[in-house]
Each structure stands twice: as C-alpha cells, then as structure tokens.
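> Here the protein sequences line up with chains B and P, keeping their order. Just so we're aligned: the first sequence equals residues 1 to 136 in my numbering. Just so we're aligned: the second sequence equals residues 137 to 414 in my numbering.
Quick caveat, the hints were computed from the structure, so don't treat them as lab data. All figures in this text were calculated on a predicted structure; none of them were measured in a lab. Some hints here could point you the wrong way.
Only part of the chain P face toward chain B is listed, based on derived beta-carbon distances under 8 Å [to be verified]:
#: 1; residue: L310
#: 2; residue: P313
#: 3; residue: C316
#: 4; residue: A317
#: 5; residue: A326
#: 6; residue: G330
Backbone N, C-alpha and C define an ideal beta-carbon position, used for all residues, glycine too.
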Amino acid sequence: MLSAPATQKPIELILARQLASYLAMPIFLVDAAGTLVFYNEPAEGILGRRFDETGEMPASEWAAVFAPADDAGCALPPDKVPLMIAHVERRPVHVCLRIRGFDNVCRQIEATAIPLIAPAGRYVGALAIFWETAQA
Amino acid sequence: MKVTLWGVRGSLASPGADTARYGGNTSCVEVRGDDGAVVILDAGTGIRPLGRALPPSVRRIDLLLTHLHMDHIQGLGFFAPLFEPQVEVHLWGPPSTTLGLRERLMRYLSPPLFPVRLRDIPALILHEVSDDTFELGELRISAAPVCHPGPTIGYRLASPRATLAYLPDHEPALGAPDFCAASAWTSGFALAEGADLLIHDAQYSAAEYAHHLGWGHSAIEHALAFAALAGVRHLVTFHHDPAHNDDEIDRLTAAATSAARPAFRVTAGAEGAAFGLG
Numbered sequence: 001m002l003s004a005p006a007t008q009k010p011i012e013l014i015l016a017r018q019l020a021s022y023l024a025m026p027i028f029l030v031d032a033a034g035t036l037v038f039y040n041e042p043a044e045g046i047l048g049r050r051f052d053e054t055g056e057m058p059a060s061e062w063a064a065v066f067a068p069a070d071d072a073g074c075a076l077p078p079d080k081v082p083l084m085i086a087h088v089e090r091r092p093v094h095v096c097l098r099i100r101g102f103d104n105v106c107r108q109i110e111a112t113a114i115p116l117i118a119p120a121g122r123y124v125g126a127l128a129i130f131w132e133t134a135q136a
Numbered sequence: 137m138k139v140t141l142w143g144v145r146g147s148l149a150s151p152g153a154d155t156a157r158y159g160g161n162t163s164c165v166e167v168r169g170d171d172g173a174v175v176i177l178d179a180g181t182g183i184r185p186l187g188r189a190l191p192p193s194v195r196r197i198d199l200l201l202t203h204l205h206m207d208h209i210q211g212l213g214f215f216a217p218l219f220e221p222q223v224e225v226h227l228w229g230p231p232s233t234t235l236g237l238r239e240r241l242m243r244y245l246s247p248p249l250f251p252v253r254l255r256d257i258p259a260l261i262l263h264e265v266s267d268d269t270f271e272l273g274e275l276r277i278s279a280a281p282v283c284h285p286g287p288t289i290g291y292r293l294a295s296p297r298a299t300l301a302y303l304p305d306h307e308p309a310l311g312a313p314d315f316c317a318a319s320a321w322t323s324g325f326a327l328a329e330g331a332d333l334l335i336h337d338a339q340y341s342a343a344e345y346a347h348h349l350g351w352g353h354s355a356i357e358h359a360l361a362f363a364a365l366a367g368v369r370h371l372v373t374f375h376h377d378p379a380h381n382d383d384e385i386d387r388l389t390a391a392a393t394s395a396a397r398p399a400f401r402v403t404a405g406a407e408g409a410a411f412g413l414g
C-alpha cells in the first residue's frame with residue numbers, strides 16, 4: 001500500500017465520486033474508515049446543505065446527524081443506518097427510513113447501500129443511493 | 137539512479153523519417169540503481185534494443201508492467217534476456233479481478249498471437265502487484281492503481297537520493313470538474329508527489345483530448361497541470377500519439393509549456409534520452 005493515504009484517496013473511491021457527481025440520483029460516499037467524504041448535488045437537495053458547507057464528517061457524526069428513524073418514526077441506532085450496515089458488515093442493504101436534513105425538513109426516503117470492494121478484496125469504502133419518497 | 141528512455145510512443149509503434157528524432161518505439165524505460173539493480177518499466181517495442189544493449193554480466197532483471205495493453209507488452213517476446221537461462225527475469229504486473237497475471241500474459245504469449253508459450257520461457261518469475269510497496273536493491277517501489285481503462289498501475293521508484301514517478305498511461309482529468317485542484321481526489325497524486333522526475337502521459341493536444349474522453353490518456357496541458365499539483369522538479373512528457381510527428385511534438389510541447397509557464401523543467405521524451413537522478 002502506498003504510504004500516503006492522507007493525501008490521495010484510492011482510485012476506486014475517486015472514480016466512485018466522479019460517477020456520483022455525474023448522476024442525478026442522490027449519492028452518499030464514505031471511505032474505508034467510514035468518514036463521509038462526499039455527497040453529490042442531488043443529495044444536497046435531500047440533506048438540505050451543500051457538501052462544501054459540511055465537509056468531511058466522521059461516522060460517529062453522520063450516522064446520527066440526520067436523525068434517522070424507521071417508518072413508524074422510531075429513532076434508528078447508528079448501526080441500523082443503511083450506509084453504516086454496508087460499511088461495518090460489508091454487505092448490501094435496502095431500507096426505507098426517515099431522515100431530517102440540515103434544513104430541518106423531515107423526509108421519507110428509500111436507501112440502497114453497498115460496500116466498495118476493490119481487487120484482492122481491498123475494502124475502500126461504501127456508497128448509498130437515496131430516493132425521496134415523500135416529505136414526512 | 138540513471139533513467140534511460142527506450143520507447144516513448146503511445147498506442148502503436150510508429151517508425152519513419154518524420155518520427156526519427158523522438159522515436160517510434162512504444163513504452164520502455166530503463167532504470168539503473170546506483171547499486172547496479174536493473175529495473176525496466178514496461179515492455180513496449182523499445183525493450184528489444186534495450187535487451188541487446190544490456191551487458192552480459194547482468195544476472196537479474198526486474199521488469200515492471202503498468203498494464204497489459206499491447207503497446208506495453210508487445211516487445212516482451214523479443215526481449216533477448218528472457219531466453220538466456222542464466223538471466224533471472226522477474227516480471228511484475230497487475231492481475232485483473234478474475235484472471236491472474238500469468239493467465240493474462242498467456243493470452244499474448246501463446247499461439248496464434250506468438251509462437252513461443254509463456255511456459256517455455258526458462259527463468260521468468262511472475263509477481264502480481266496492484267497496490268503494494270516492495271524493495272529492489274536500494275530502490276523502494278510503490279505501485280498503485282491509476283485512472284486508465286482496465287487494471288493499470290503507476291510506479292514510484294525511490295532511492296535514498298532521488299525519486300522517479302512513472303505514469304505512462306493516465307487520465308487524471310477524466311470526470312474531474314475540479315482538475316487539477318484537489319490533490320486528495322486526483323488519481324496518481326500520491327505516486328508523483330514531490331518526484332524529482334515524472335514521466336507522464338501526454339498523448340494529446342487539448343483539442344484532440346476533447347474527442348478522446350475516457351480513452352485513458354492526457355493532454356499535454358493535463359500533464360503540466362498534474363506535474364504542478366504534484367510539485368515535481370522535472371516533467372518528461374511521454375506516450376506521444378503515433379499521429380504526431382517530430383515537428384508536431386515540438387510545436388505542441390512548446391505551446392502548452394509557454395501557456396502554463398511551469399516552475400519546473402519540461403522535456404518532451406525522446407528515445408535515447410537519459411537522466412541522472414540523485
């Protein structure tokens with residue numbers, strides 16, 4: 001492994017970010033440490049704030065900051081958030097949930113999250129794709 | 137270390153009177169460590185004359201492939217030391233997600249594309265490398281995947297006194313609207329950062345690049361911007377388009393360099409050029 005991970009992301013993460021920046025679907029991207037490293041413009045609409053304003057965010061923060069809740073409105077613990085499941089358990093997951101954006105608007109969304117596995121089984125991060133189904 | 141260019145052409149060998157000055161052979165670079173280590177970067181057609189020029193006293197050669205596109209392996213079967221039993225050739229290169237390096241090389245080194253089979257080459261030792269660091273003599277080699285179609289890696293070779301970065305096929309500008317501003321999000325940055333010498337893809341003019349997005353190569357302007365971001369001391373442009381004759385390489389390099397006004401030295405790579413580092 002090249003000894004400069006702090007100055008350059010893995011190529012797979014770079015390409016995932018580039019793809020996300022061209023898609024109209026909201027996408028959230030975390031690195032191998034679980035740090036939120038990017039969300040795209042469509043995601044900014046759902047989350048209520050531009051990525052340039054929030055910047056990178058550790059897992060302990062992003063997993064709770066959007067006040068995730070299940071369909072019944074019960075708060076989801078961080079380890080039940082889809083992107084956290086993909087990151088920690090290294091498996092895909094699809095979940096319906098509610099979140100509260102930085103703009104304080106509560107939204108009902110569906111989210112599919114997948115781990116990003118590079119050649120030789122190298123885990124480089126995870127991404128989640130969101131669909132807003134309604135404002136709760 | 138001493139770095140010698142044996143093939144600087146991209147995509148397809150292009151011999152001829154109008155390419156004689158820069159050369160028509162495809163990618164091949166010789167690196168000689170101060171301790172005598174013989175490292176070769178890529179096995180384009182330039183490796184054939186290199187093989188003939190190596191002294192018979194050489195007993196070990198490390199050949200580092202960036203990827204297995206034909207212009208980077210076509211000379212392999214014509215590299216004379218491969219068929220010398222007393223010479224140990226270590227070949228390093230990337231596997232794919234489904235095939236090992238041996239299986240991938242066999243697709244070329246087997247009939248009908250080539251009469252000699254890989255298994256018939258006497259002292260060839262294969263090493264799969266993707267995102268790794270290893271040592272060859274006093275050279276510390278770092279390999280990392282870079283932006284180019286198919287499994288492709290770039291190399292960084294560091295001696296105690298100097299650093300060479302080799303990214304012959306590289307498109308860091310692909311889909312990067314902020315290119316070349318954010319080092320963390322720039323393919324190849326960690327390999328090239330602070331290098332004394334960067335050998336980098338510069339296949340196209342800016343106008344040509346617009347028609348070749350996603351082909352895995354850079355405009356000369358991109359190579360200059362990437363080198364500036366990485367803070368290198370000397371950029372050698374490489375992988376020249378086979379359609380560019382000597383005069384066009386002169387003209388395109390001069391125009392791009394004049395516009396960018398880099399704070400580092402820029403040289404258009406030419407066969408036979410040699411650079412002493414450290």
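> For the restraint on P:L310, tell me whether the closest CB of chain B is nearer than 8 Å.
With a minimum Cβ separation of about 7 Å from chain B (threshold 8 Å), the hint on P:L310 holds.
> With 8 Å as the cut and Cβ atoms as the points, is P:A326 at the interface with chain B?
holds, 4 Å
> Per the CB criterion, is P:C316 less than 8 Å away from chain B?
violated, 13 Å
> Should the interface hint for P:P313 be scored as holding, given a Cβ-Cβ cut-off of 8 Å against chain B?
holds, 7 Å
> At a threshold of 8 Å, is the proposed contact between P:G330 and chain B supported by beta-carbon distances?
violated, 10 Å
> Does P:A317 meet its interface restraint, that is, does its C-beta lie within less than 8 Å of any C-beta in chain B?
violated, 13 Å
The structure fails to meet hints 3, 4 and 6 from the earlier list, while all remaining hints are met.
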